[in-house]
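Student: Read top to bottom, the protein sequences are chains A and B. Residues 1 to 125 in the numbering used here are what the first sequence lists, from first letter to last. Residues 126 to 370 in the numbering used here are what the second sequence lists, from first letter to last.
Just so you know, the hints here were simulated from the structure itself, not pulled from any lab data. No residue lacks a Cβ here, since even glycine has one placed at the ideal position from N, Cα and C. Nothing false has been slipped in among the hints.
Here's a subset of chain B near chain A, in silico, CB distances under 7 Å, partners left out: (1) Thr365; (2) Leu369; (3) Ile370.
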Amino acid sequence: MANHENIGAHGEHGHEEGMDKKRIWSVFFVLLALTALEFLIALGFVHHWGILQKGALVNTIYIVLTLVKAYYIVAFFMHLKFEKSGFIVTTSIVFLFIIYFIILILVEGNYLLTHFQEHPVFPNK
Amino acid sequence: MSTTVSQLDKVKDGPWNGGRSPWNLEYGKIMMWFFLVSDAFTFSAFLIYYGAQKFAQPTWIDADKVFQSIPGIADSGQPLVFVGIMTFILIMSSVTMVLAVEAGHRNSKHEVVKWMLWTILGGLMFVGCQALEWSHLHHQGFWFGRNPATGMTDPAMIAETLRPYFTNDISYTAALQFANLFFTITGFHGFHVSIGILLNIIILCMTLNNTFERRGTYLMVEKVGLYWHFVDLVWVFVFTFFYLI
Numbered sequence: 001m002a003n004h005e006n007i008g009a010h011g012e013h014g015h016e017e018g019m020d021k022k023r024i025w026s027v028f029f030v031l032l033a034l035t036a037l038e039f040l041i042a043l044g045f046v047h048h049w050g051i052l053q054k055g056a057l058v059n060t061i062y063i064v065l066t067l068v069k070a071y072y073i074v075a076f077f078m079h080l081k082f083e084k085s086g087f088i089v090t091t092s093i094v095f096l097f098i099i100y101f102i103i104l105i106l107v108e109g110n111y112l113l114t115h116f117q118e119h120p121v122f123p124n125k
Numbered sequence: 126m127s128t129t130v131s132q133l134d135k136v137k138d139g140p141w142n143g144g145r146s147p148w149n150l151e152y153g154k155i156m157m158w159f160f161l162v163s164d165a166f167t168f169s170a171f172l173i174y175y176g177a178q179k180f181a182q183p184t185w186i187d188a189d190k191v192f193q194s195i196p197g198i199a200d201s202g203q204p205l206v207f208v209g210i211m212t213f214i215l216i217m218s219s220v221t222m223v224l225a226v227e228a229g230h231r232n233s234k235h236e237v238v239k240w241m242l243w244t245i246l247g248g249l250m251f252v253g254c255q256a257l258e259w260s261h262l263h264h265q266g267f268w269f270g271r272n273p274a275t276g277m278t279d280p281a282m283i284a285e286t287l288r289p290y291f292t293n294d295i296s297y298t299a300a301l302q303f304a305n306l307f308f309t310i311t312g313f314h315g316f317h318v319s320i321g322i323l324l325n326i327i328i329l330c331m332t333l334n335n336t337f338e339r340r341g342t343y344l345m346v347e348k349v350g351l352y353w354h355f356v357d358l359v360w361v362f363v364f365t366f367f368y369l370i
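Same shape as in the complex, but just chain A (with noise of 0.2 Å):
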């Protein structure tokens, strides 16, 4: 208990500035306007006035959106960024291994496309 206060004392009480209602709002209008732009992009650019198709850079600009949303969540939300570095280090370097195995199974899932094609039994009816 007495570990816990001392704590609370020196650690994130000490940022409580860091995230005021004022910051709260900011970032949740950041989160809605970037959501509001996927769906510009899906609804309006994509779907109704046909500007853009579907393919690898609207993609690329979905995936970009969603890890700056995922930024935000995790910095301001999760509190991520006013912790100390040693544990914003040791919580996200292990995403690396994540990065390892997309480009690993996406590499595998294409030789599966190129090669089961040719065989008979794919089971494609």
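Let chain A serve as the given structure and place chain B on it in line with the hints.
Tutor: Quick look at chain B alone, frame taken from chain A:
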């Protein structure tokens, strides 16, 4: 008697001798973070497998053609609108959760209660929307291990049944894998939301019971808040990979 202290008995005070808190975080909060990191790995594995399936199939279902109903308003022709509402609800409930945490810092019990109630309401609305989405897809014939053409033998019939969901070539396997992965991943996410609602209700009861007031800290609200934001975070990714791409 000599007062010299032997080398071994000296109190060590170097940076590596313990007694300090290098992350300045409470134990439970660190453990919540580590749990969330491991949970992120689980969700990553699911979504990466979804990507692998998409890469391995010559054609894939068009999400705009599967999700185009707004329950109670329009049965078809409205892609993305309903999921947009769901996304908004979840982001909104994340905001009310941060506001509850912020109120906890100020030890303002009635504000914590107010924001926790809004958060729980948001979570319940989200789960309700998801139930509507699931039942709509189920009525169309999608479920674990089945798509609308399951049970048909005539290839022309299969193609005819699946045509509304595809833009390019039609694939029975792609539709089946889509159904399996959609229900597995959104189901696992919905399960997380439900657990989150339960945790939020427990925290609300503890707040009303003055547990945190007596403890002198609302740290528990923060820990559950971390979980709740994580659920929101996962939805951001699910939304992108299932509905947009």
